[in-house]
Amino acid sequence: MTCENYRDLMMGYLDDELTAEQKKAFEAHLAGCSHCRAELESFIKLKTITDDVALLEPEDKLWENYWGNIYNRLERGVGWILFGISAILLLIYGGFKMIEEIIRDPALGLGLKIGLLALIAGLAILLVSLVRERLYFRSRDRYKDVRR
Amino acid sequence: MQICTYDNEEHLLENCRKGSRDAFEVLVKRHMKDAYRIAAGLVGNSDDALELSQEAFYRAFRNIRHLNPQSKFFPWFYQILKNLCFSHLRKRRLRRTSALPQIDGEDLTAADGDGFDPHLVVERNESKDQVWKAIGRLSPKHREVIILRHFRDMSYEQMAEALFCSTGTVMSRLYHARKKLKETLECAKGGHVYDL
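Protein sequence lines, in the order shown, are assigned to chains P and L. First residue of the first sequence? That's 1 in this note's numbering, and the numbers climb one at a time after it. First residue of the second sequence? That's 149 in this note's numbering, and the numbers climb one at a time after it.
It should be emphasised that the hints constitute simulated quantities derived from the structure, not laboratory data. All residues carry an ideal CB built from backbone N, CA and C; glycine is no exception. Check each hint, because a few of them may be wrong.
[Said to hold, decoys possible] One side of the interface only, derived from the structure: several residues of chain P facing chain L at Cβ under 8 Å:
id, residue
1, Glu17
2, Ala20
3, Phe43
4, Thr50
5, Asp51
6, Val53
7, Pro58
8, Leu62
[Unchecked claim] Per label pair, the in silico range of CB-to-CB distance:
id, chain 1, residue 1, chain 2, residue 2, range
9, L, Glu274, P, Met1, 37 to 43 Å
10, L, Glu199, P, Tyr93, 34 to 40 Å
11, P, Ile81, L, Asn216, 22 to 28 Å
12, L, Glu334, P, Asp51, 14 to 20 Å
13, L, Asn231, P, Asp51, 26 to 32 Å
14, L, Leu242, P, Lys23, 44 to 50 Å
15, L, Ser303, P, Tyr93, 55 to 61 Å
16, P, Leu90, L, Arg178, 39 to 45 Å
17, L, Glu274, P, Leu130, 49 to 55 Å
Isolated chain L, as found in the complex:
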């Protein structure tokens, strides 16, 4: 009997390209937690995060033959996941703006933390809720780098790989994202919770 351990990602991907669902199962189990957590950080809701991360894996399997044999799985998969999450956010924003009346041009979606569910946060308190909502108010591009760095604890090198850019660009994006987050927290409604 041949025992297949799939320790090597290259070997695993080769089998996935041939249509092996067993190999893909190993790949899914290896990356499912990261995929779910990143999606949760990007869309701010656990049900949507579960649905979107599973859909991303489904699409990845359907398109895995297009993945370059020399490439790693996760950065490629991350593009699919990210596009799905951003597309979901756009649809959610459209639904909300069409359902709610605009008040003097006020951006209602930005005001409510873009649908970010505070129940996703551990040991909730007012300050943590403010931070979570402020992250939800960031643009998807800014939110993405904050999530990858703070919630997935990725190194700059890993982030550069996932974002298909240089580490210099990662630093630049982080600077702007953190600056925006700082400004949002400083201007948070209901008084100055943080003095930054």
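Looking at chain P on its own, in the form it has when it is part of the complex:
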């Protein structure tokens, strides 16, 4: 086996994560390889340096408010869903009513009727297209494919 085969074991040796058998094999290689001994030495120095760096602990207040902030998000999420569904239903209902009124209104000329209906049809197409786009990207949402 070459040094390359032992370099992964070097990490396990450094972090004391090897089995007794792996440790024995690595130490046997180390005894006859000055290159790996030097590399291990430099990794030991690096570990000492990185172990010396610690992150600041946040104030207790942060932990006290932590769940509250998540709860608010959950609550607002439900609110937005209900708002979205009802808005879509009202828009569809209003759209149909408007089309009905336009067609039945004898005061409106044919040209104006066609123009207004085309405007409503255009808005409906844009809305459907936006919803379709959202659904398309949602189906490719990276979080849907999170390995479980």
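Assemble chain L onto chain P, guided by the hints.
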């Protein structure tokens, strides 16, 4: 009155799947510190870490029904958190590269430690700042293993579980990450602080 202690994670997850916010609160309180610290290590900023870890919990609750009943919560949750943090880093890099002029192709984001805030480090000094910045200059994949091992003190087995790989792969990733960190420190601007 029925007393629910939720000592068992399986029981806790079962209730979360049914939509129990009380059960999810227990789960959040159990893992919030780890989530915040990992996010802080990955993005290098306490405000972003707080926001991202809370958003990860929110998304986890929304998708918890997809979690396999036999699976553990934290490795699954970690994937959500990690993806959010990496996505945040990509956006931050894009914002910076579009805001700052490129000088002869120099990677400005890599040069400034990828936005790593030195105030997050305890008992700051020049050496510690250098190390923290060098960690910030690592690629997200390399940074991830350094953070999990050095700042969360995870065993190789726990890391393998969180990264969905073997312990052999964990050792290999650690080797490359530490080698890169060593090289970055050796070439740190402002002289050789470390002789490795």
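Interface hint check: Phe43 (chain P), Cβ to nearest Cβ on chain L, cutoff 8 Å. Holds or violated?
This hint holds: Phe43 (chain P) lies near chain L, its Cβ roughly 6 Å from the closest one there, short of 8 Å.
If I claimed the Cβ atoms of Ile81 (chain P) and Asn216 (chain L) lie 22 to 28 Å apart, would that claim hold in this structure?
25 Å, holds
Taking the least C-beta to C-beta distance, is Val53 (chain P) closer than 8 Å to chain L?
5 Å, holds
With respect to the beta-carbon atoms only, verify the hint that Glu334 (chain L) and Asp51 (chain P) lie 14 to 20 Å apart.
18 Å, holds
Hint Glu17 (chain P) vs chain L: min CB-CB distance below 8 Å?
5 Å, holds
Supplied contact hint for Leu62 (chain P), tested at 8 Å Cβ to chain L:
Interface hint status for Leu62 (chain P): holds (7 Å vs cutoff 8 Å).
Is the distance from the Cβ of Asn231 (chain L) to the Cβ of Asp51 (chain P) consistent with 26 to 32 Å?
28 Å, holds
Hint validity - Thr50 (chain P) Cβ closer than 8 Å to any chain L Cβ
Holds: closest Cβ of chain L sits about 5 Å from Thr50 (chain P), inside 8 Å.
Please check whether Glu199 (chain L) and Tyr93 (chain P) have a Cβ separation lying inside 34 to 40 Å.
Holds - the Cβ-Cβ distance for Glu199 (chain L) and Tyr93 (chain P), about 38 Å, lies within 34 to 40 Å.
For the pair Leu90 (chain P) and Arg178 (chain L), does the Cβ-Cβ distance stay inside 39 to 45 Å?
Because 42 Å falls inside the window, the suggested range holds.
Would you say the C-beta atoms of Glu274 (chain L) and Met1 (chain P) sit inside 37 to 43 Å of each other?
With Cβ atoms ~41 Å apart, the hint holds.
Just to be careful: measuring from the Cβ of Pro58 (chain P) to every Cβ in chain L, is the smallest value less than 8 Å?
7 Å, holds
Hint 2 from the earlier list is the only one contradicted by this structure; the remaining hints agree with it.
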